[in-house]
Amino acid sequence: MANKRCQFLRLTGIRKFLDHITGISREPSMQLKSLDLDCAFLMSRHLLKLKIIMDLCPALKMLTLRSSYSDQLVGTIRASLPKLEYLQLVGQDYTMMYSIQQDEYVATITVKTSATRLQSLDRFMYPNLKVLSFDCLHDLQDPLQSSLNHLLRNCPRLTAFDVRLPLEHFCSLVHMFQELFRSLDPTNSVSGTKRCLRIRSLATEHSVEMVIPWVGHTLGANTAVEVKMMGPKASNRHLELIFREYGSFIKVLLANDTLDDGLVGSLLKSDQGNGSIIENLTIDPSSLTDARLVEAILQRCMPRKEVALAFSCLEKDEHLTQMHDVLMHVGRKTTRLILHGRGKPSEWFMNITVSRSGLWDVRHLEIAFEGRVRMDERSMKRLLALISTPGTAGTTGAATTSDGHRRQTTLTRSILPLQTFRLTDCELLTEDWNTVLTTMDLKMMQRLSFEGTNFGTEQFDLLIEQLNKLLERSKSAMSSRGGLYQENRSRWC
Numbered sequence: 001m002a003n004k005r006c007q008f009l010r011l012t013g014i015r016k017f018l019d020h021i022t023g024i025s026r027e028p029s030m031q032l033k034s035l036d037l038d039c040a041f042l043m044s045r046h047l048l049k050l051k052i053i054m055d056l057c058p059a060l061k062m063l064t065l066r067s068s069y070s071d072q073l074v075g076t077i078r079a080s081l082p083k084l085e086y087l088q089l090v091g092q093d094y095t096m097m098y099s100i101q102q103d104e105y106v107a108t109i110t111v112k113t114s115a116t117r118l119q120s121l122d123r124f125m126y127p128n129l130k131v132l133s134f135d136c137l138h139d140l141q142d143p144l145q146s147s148l149n150h151l152l153r154n155c156p157r158l159t160a161f162d163v164r165l166p167l168e169h170f171c172s173l174v175h176m177f178q179e180l181f182r183s184l185d186p187t188n189s190v191s192g193t194k195r196c197l198r199i200r201s202l203a204t205e206h207s208v209e210m211v212i213p214w215v216g217h218t219l220g221a222n223t224a225v226e227v228k229m230m231g232p233k234a235s236n237r238h239l240e241l242i243f244r245e246y247g248s249f250i251k252v253l254l255a256n257d258t259l260d261d262g263l264v265g266s267l268l269k270s271d272q273g274n275g276s277i278i279e280n281l282t283i284d285p286s287s288l289t290d291a292r293l294v295e296a297i298l299q300r301c302m303p304r305k306e307v308a309l310a311f312s313c314l315e316k317d318e319h320l321t322q323m324h325d326v327l328m329h330v331g332r333k334t335t336r337l338i339l340h341g342r343g344k345p346s347e348w349f350m351n352i353t354v355s356r357s358g359l360w361d362v363r364h365l366e367i368a369f370e371g372r373v374r375m376d377e378r379s380m381k382r383l384l385a386l387i388s389t390p391g392t393a394g395t396t397g398a399a400t401t402s403d404g405h406r407r408q409t410t411l412t413r414s415i416l417p418l419q420t421f422r423l424t425d426c427e428l429l430t431e432d433w434n435t436v437l438t439t440m441d442l443k444m445m446q447r448l449s450f451e452g453t454n455f456g457t458e459q460f461d462l463l464i465e466q467l468n469k470l471l472e473r474s475k476s477a478m479s480s481r482g483g484l485y486q487e488n489r490s491r492w493c
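First residue of the sequence shown? That's 1 in the UniProt record's numbering, and the numbers climb one at a time after it.
Note that these hints are calculated values from the structure, not bench results.
Every residue, glycine too, gets a C-beta built ideally from N, C-alpha and C.
Take the hints with a grain of salt, since some may be wrong.
As the list claims (entries may be wrong) - Derived CB-CB ranges, DEER-like:
| hint | residue 1 | residue 2 | range |
| --- | --- | --- | --- |
| 1 | M444 | A59 | 42 to 50 Å |
| 2 | L462 | S172 | 53 to 61 Å |
| 3 | K228 | N149 | 26 to 34 Å |
| 4 | D361 | S172 | 34 to 42 Å |
| 5 | L462 | G13 | 51 to 59 Å |
| 6 | L184 | L48 | 43 to 51 Å |
What the hints assert, rightly or not - In silico BS3-like links for lysine-lysine, alpha-carbon gap of 25 Å or less:
| hint | residue 1 | residue 2 |
| --- | --- | --- |
| 7 | K305 | K333 |
| 8 | K381 | K251 |
| 9 | K305 | K316 |
| 10 | K251 | K316 |
| 11 | K443 | K381 |
| 12 | K83 | K61 |
| 13 | K233 | K130 |
| 14 | K333 | K269 |
| 15 | K475 | K443 |
| 16 | K316 | K269 |
| 17 | K130 | K49 |
| 18 | K443 | K469 |
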């Protein structure tokens with residue numbers, strides 16, 4: 001604390017720190033704004049020591065005390081330290097945050113515990129308990145429902161719940177909370193109590209998070225579900241029920257190769273009546289039997305922010321064929337494309353026939369090999385076709401003219417440069433690197449990665465040179481526009 005430049009300080013493992021504080025004059029710490037102390041059991045005799053610290057730290061705004069303490073000391077602590085803006089008291093399984101609002105301390109208590117310990121919460125928390133966080137690792141039994149019912153009726157500020165439990169209990173927990181809220185607000189009026197329930201899955205399963213804002217006992221319009229399928233296929237059977245009941249509330253869906261026809265069917269059924277709010281979608285369609293299933297999902301994703309297709313194991317002929325089928329249906333709706341394969345590029349990458357002209361909206365491209373493979377000449381052609389930016393792309397359609405005849409028309413649109421390009425685990429010849437770096441349009445590039453490749457200082461120098469040329473062209477274009485503006489202005493005036 002004698003360091004006059006220190007602004008944030010946390011002391012851990014010194015449980016008797018306050019016992020060593022004396023009234024002897026010391027150098028003040030003028031810059032210290034936040035102090036975090038790990039104390040033993042907090043006693044009344046420690047209040048004087050805390051006041052000494054406050055006098056030595058005139059800029060201190062937040063004090064955190066990690067300790068076991070009795071509720072009788074809370075008011076005394078707040079009264080003894082009037083200069084604090086924030087006082088945080090951290091116990092074994094709960095956090096009490098006091099903040100000054102309109103010259104009064106307003107308390108917010110967050111409890112993090114297990115479902116089995118809800119019945120033993122200290123009653124002094126009830127008036128200020130606002131956030132209740134607990135893990136429920138077993139079946140939903142009556143003691144849990146009774147405990148929650150008791151807390152809801154006795155904690156007037158309790159409006160936020162954060163629960164972590166197995167996927168198989170997700171829907172049951174939502175139904176249980178709905179019954180609890182119905183018992184408190186049977187009329188379900190629009191002006192009823194607003195609460196928020198956040199449910200998260202365990203780390204060993206697919207990552208699912210549901211955020212449900214309740215009005216009375218009705219799911220709010222802003223209910224959002226985020227699904228990241230990273231777990232084993234065995235967890236899919238629990239996801240099917242979640243998809244059927246709450247699929248229309250899914251906002252983010254990141255699906256690995258465990259996404260199968262059954263899950264897609266459940267998702268589409270849930271969307272039929274309510275539509276879809278999916279904004280970010282990532283799909284690995286390896287386990288799907290029909291490419292049109294991906295198209296069916298995309299049709300329910302408007303408006304969307306991102307559609308990513310991830311194709312893995314492309315060294316297998318059936319996966320390569322599936323990739324072409326899927327891109328034929330939805331390539332022009334894709335914003336991110338991820339290609340991954342094992343083995344030499346000549347064994348799979350050179351057989352990729354898609355190019356940027358068929359991927360209108362792709363702004364992010366990732367190509368991943370394994371084992372630091374070397375790119376051959378034919379594979380380089382495929383790479384250049386994927387990273388180059390043709391000015392326009394066309395598609396042929398039919399239109400009816402004024403005389404009633406059908407005529408073929410060609411629709412064209414511009415293709416924007418890539419914003420992200422990632423190439424991993426491969427080696428290119430020096431001349432091939434030169435071709436890649438001079439062919440790639442860098443005007444909109446935000447992220448560029450060559451992890452695991454032989455990209456070196458020579459290539460880095462060339463990249464800097466290309467960026468400098470781009471900068472000079474931009475400056476020249478701006479100067480030209482400025483000169484034209486001045487010329488036109490002189491004519492008008």
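### Message
Within 51 to 59 Å: is that where the Cβ-Cβ distance between L462 and G13 falls?
### Response
holds, 52 Å
### Message
So if I understand the rule, the pair passes when the alpha-carbon distance is 25 Å or less; does K305 with K316 pass?
### Response
violated, 31 Å
### Task
Could you grab the alpha-carbon distance between K305 and K333 and see if it respects the 25 Å cut-off?
holds, 11 Å
### Query
Quick one: are L462 and S172 within 53 to 61 Å, going by C-beta?
holds, 60 Å
### Query
Is K130 close enough to K49, meaning Cα to Cα at most 25 Å?
Violated, because 31 Å separates the two Cα atoms, which is more than 25 Å.
### Query
Within a Cα-Cα threshold of 25 Å, do K316 and K269 meet the stated pairing?
Distance of about 32 Å is beyond 25 Å: violated.
### Query
Within a Cα-Cα threshold of 25 Å, do K251 and K316 meet the stated pairing?
violated, 32 Å
### Query
CB of D361 to CB of S172, is that within 34 to 42 Å?
About 40 Å separates the Cβ atoms of D361 and S172, which means 34 to 42 Å holds.
### Query
Holds or violated: are the alpha carbons of K83 and K61 at most 25 Å from each other?
holds, 7 Å
### Query
Between M444 and A59, does the C-beta distance stay in 42 to 50 Å?
holds, 45 Å
### Message
Next pair to validate is K443 with K381; report whether the Cα-Cα distance is within 25 Å.
### Response
It holds: about 22 Å lies between the C-alpha atoms, which stays within 25 Å.
### Message
Hint check: K443 vs K469, CA-CA at most 25 Å. Holds or violated?
### Response
holds, 11 Å
Figure legend: structure checked against the earlier numbered hints; hints not met, in rising order: 8, 9, 10, 13, 16 and 17.
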